[in-house]
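> Throw the hints in and build the complete structure from the sequences for me.
So the chains spell out like this:
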Amino acid sequence: MIPKTEIEMAETIREAKSPIALHGGGSRGLSVHGDPIKTTGLNGITLYEPGSLTLVAQAGTPILDIEAALAAEGQRLAFEPMDSRGLTGSAGASTIGGVVAANNSGPRRVSVGACRDFLLGVRFIDGMGRAISNGGRVMKNVTGYDLAKLMAGSWGTLGVMTEVSLKVLPNPEMTGVLLLNGLDDQAAVAVMSKALGSPFEVTGAAHAPVGVDGHPVTMLRLEGFEESVTYRLDALRQHLASDAEQVIETSPDRTTAGWKWVRDVELFHGRKGNVWRVSVKPSDAPALVSRIENDAVLYDWGGGLIWLLCPEDEDVRSKMHGVQGHATLVRGEGHLLFHPEPTAIVKLSQGLRAKFDPRGLFNQGLMG
Amino acid sequence: MEMPLPDQTVLARKAEIVALLRRVLPAGSVIDAPEETYAYECDALTAYRCPPLAVVLPETTEQVAAALKICHEQNVPVVPRGAGTSLAGGAMPTSDAVIIGIAKMNEVLETDYDNRIIRVQTGRTNLSVTGAVEENGFFYAPDPSSQLACAIAGNIAMNSGGAHCLKYGVTTNNLLGARLVTIEGDIIDVGGPYMDAGGLDLLALICGSEGQLGIVTEATLRILPKPEGARPILIGFDDNEVAGACVSDVIKAGILPVAIEFMDRICIRATEDFAGAGYPDCEALLIVEVEGSDAEIDAQLERISEIAQKHNPVELRQSQSAEESAKIWLGRKSAFGAMGQINDYMCLDGTIPVSQLPLVLRRISELSEEFGLKVGNVFHAGDGNMHPLILFDANKPGDLEKCEDLGAEILKLCVSVGGCLTGEHGVGVEKRELMTHQFSADDLDIQMAVKDVFDEKWLLNPAKVFPLSVSASRRGPQEVNR
Chain A
1 MIPKTEIEMA ETIREAKSPI ALHGGGSRGL SVHGDPIKTT GLNGITLYEP
51 GSLTLVAQAG TPILDIEAAL AAEGQRLAFE PMDSRGLTGS AGASTIGGVV
101 AANNSGPRRV SVGACRDFLL GVRFIDGMGR AISNGGRVMK NVTGYDLAKL
151 MAGSWGTLGV MTEVSLKVLP NPEMTGVLLL NGLDDQAAVA VMSKALGSPF
201 EVTGAAHAPV GVDGHPVTML RLEGFEESVT YRLDALRQHL ASDAEQVIET
251 SPDRTTAGWK WVRDVELFHG RKGNVWRVSV KPSDAPALVS RIENDAVLYD
301 WGGGLIWLLC PEDEDVRSKM HGVQGHATLV RGEGHLLFHP EPTAIVKLSQ
351 GLRAKFDPRG LFNQGLMG
Chain B
1 MEMPLPDQTV LARKAEIVAL LRRVLPAGSV IDAPEETYAY ECDALTAYRC
51 PPLAVVLPET TEQVAAALKI CHEQNVPVVP RGAGTSLAGG AMPTSDAVII
101 GIAKMNEVLE TDYDNRIIRV QTGRTNLSVT GAVEENGFFY APDPSSQLAC
151 AIAGNIAMNS GGAHCLKYGV TTNNLLGARL VTIEGDIIDV GGPYMDAGGL
201 DLLALICGSE GQLGIVTEAT LRILPKPEGA RPILIGFDDN EVAGACVSDV
251 IKAGILPVAI EFMDRICIRA TEDFAGAGYP DCEALLIVEV EGSDAEIDAQ
301 LERISEIAQK HNPVELRQSQ SAEESAKIWL GRKSAFGAMG QINDYMCLDG
351 TIPVSQLPLV LRRISELSEE FGLKVGNVFH AGDGNMHPLI LFDANKPGDL
401 EKCEDLGAEI LKLCVSVGGC LTGEHGVGVE KRELMTHQFS ADDLDIQMAV
451 KDVFDEKWLL NPAKVFPLSV SASRRGPQEV NR
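Just so you know, the sequences run in chain order A and B.
Taking my numbering, the leading residue of the first sequence gets 1, the next gets one more, and so forth.
Taking my numbering, the leading residue of the second sequence gets 1, the next gets one more, and so forth.
There could be a bad hint or two in this list.
Below 27 Å or equal to it, Euclidean Cα-Cα: the simulated BS3-like pairs (lysine-lysine) are [what the hints assert, rightly or not]:
id: 1; chain 1: A; residue 1: Lys347; chain 2: B; residue 2: Lys69
id: 2; chain 1: B; residue 1: Lys374; chain 2: B; residue 2: Lys396
id: 3; chain 1: B; residue 1: Lys226; chain 2: A; residue 2: Lys194
id: 4; chain 1: B; residue 1: Lys310; chain 2: B; residue 2: Lys327
id: 5; chain 1: A; residue 1: Lys260; chain 2: B; residue 2: Lys252
id: 6; chain 1: B; residue 1: Lys310; chain 2: A; residue 2: Lys347
id: 7; chain 1: B; residue 1: Lys374; chain 2: B; residue 2: Lys412
Please keep in mind that the hints were generated in silico from the structure rather than gathered at the bench.
Everything numeric in this text was worked out from a predicted model, so none of it was measured.
Encoded structure:
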């Protein structure tokens, strides 16, 4: 089913008799049991005010349409959502609702925040078929509970999002990348921490032990007005005082391609194995990775996000004793698998699901 | 304002309840003498007062849990309290409620500069979090104007903002983890020193839930490296609309100032009389602050000047030094005090889409005339968070009511142009009855359903956030006290 309006969507949910598998563009390769309902009929930008840094769109609007509309005004989604198709091997055009449902946040999350931090409001249909509005289209809003952020990253298990409103940011005039070659993981995370702890506003910090040319590469991104980026590239270099070989890259094509490579985890594209996404305290990352049998690894968010390509029998979670954080199996046997949570959290999460979706319709079993 | 009538059975069992609490808490941590509970009868919404049944001031998370467990078993309402600086009555008690305050819990538990986090007990004041890390070049970004006094617990409960959130976000964007004590006395860690949730984002629910879902005793907060420097530019205009257009043009030009503050003529004049900051006598004043190295600041201020020049400003003053910056900020920072010199005032907190600024300012001045009360406007223009200050005379019979009615009209106006009732102060008791103007019955029902999950008996801050008639069936059949 592809309802065309929020009212139709609400009717569809109200009349549903059996579990529903919710789909946006289908770009994340989820396999969920249930009657498929697609949000792609809810398509279009409802409101865009560049001077207010605000965009409101129907949930099924393709992300490419949104990015194009923003680019026309020199703006962007600052949380840099990834294109996950290369990783999950799926086709389809990612939708803004899907991006929000997955709280899909790329390299810039480390400095400006995640998708959920840019989400100003949502409209959704709950399990009773009621159209619910929460948040709004303004940047500061503490009126009532923040259900919008709860919906972000709930993977369609609490309701069907029909509209989202987002804060957007201006495109920078220039991007500069400082590349450090040859660092081991420990040293790379230390350098990234030092860079992120500097006043130069590093907006990306990633490390690949095996980069495009087969050697370790650490990438630090600066964005802003040209005079500022030029100054900061130099100031950052002095601040880091690293012995590593250093290269500065300012070509727009190459810096864009480089961060897309990180964002979309292109290192893993076309390779066999399970893909794990691990979220930890950056300083815990290198030691954890050394304990895990893997074929490839990519550190993003200064080490706070680890992408791992592992043999199918490697259980990443069993290696996480004493490490705070969580590991999600993004690609492997079956589908997306979330990290088991403590009993008290499970109880609250189940309690919420029972209220939002009392008939157990939405994406059953997806999040546990 | 209405509050539910106190539960007579709780009032009658006061001695028994206090004795139960004393059994699990250290000596001196349970206060029940009327002359002492008096100090807790209100928060910063001082127009409304009511002494609580008792006050509990635990020293550990476990003691908070023990006290909550007893209140839960004994069906006693609980009002969580940080530093009591809420402007919305978030910490205002009822006579049948036990206040649980975390003021004694104010330690820094861990600072970790490599991972840019600090873990604190939530009784710690906002400013002292920055105080704990600033020697190492870091700061905690949310900066509500009460930051000298307000506690992190209250910041989390109300999702506090501040002047610099245009760039750095509000509390929810800077909170990574919380140790939450539930009404049943369970201690739960939500989130932690990593950058996203492993399952449902419960942290987002807890932040801004106004003490209705549990009591947060420890918080893991994001700390940021201090910028090299910051300096403002002051721009005066003869027209509010033009000032609004200038804000929009600055934002569209790709400049992201750390703060854009706006003052109208009433506030400008009041602060000039009070603080003598040397502001021009004009219709609207903008203070725009940018950060970076000296050269970067100069370049950004130059860009802003160029944009402002196109709007024919009556004054343009670029700060060149710390001294000049302080002078520019002096008036803005003393605006509330200055208005307080003129008369009593009520500070509103609605947010509007920035594009609606001229319309809203025009309507506010019409409403001001209609009600015969002066309204000054000082607010965070970059994010549309307005702070209309309504002047009234608390000693004049009927003036407070008239002021509240005008306030309600202004907040409804904010909602009608696509904004909201409260941008950073919270709903509390103050805006509770206006919630139906922003939310449908279903919108409110599902929010209340969240509370049902965390607090089935509705004991935590029960008469807040939701209109009394809307929450009545959940709170149980109670009469209402006018």
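> None of the hints should be skipped; say for each whether it holds.
A quick look at each hint next to the structure:
| no. | hint | in the structure |
| --- | --- | --- |
| 1 | Lys347/A with Lys69/B | holds (18 Å) |
| 2 | Lys374/B with Lys396/B | holds (15 Å) |
| 3 | Lys226/B with Lys194/A | holds (13 Å) |
| 4 | Lys310/B with Lys327/B | holds (25 Å) |
| 5 | Lys260/A with Lys252/B | holds (25 Å) |
| 6 | Lys310/B with Lys347/A | violated (58 Å) |
| 7 | Lys374/B with Lys412/B | holds (18 Å) |
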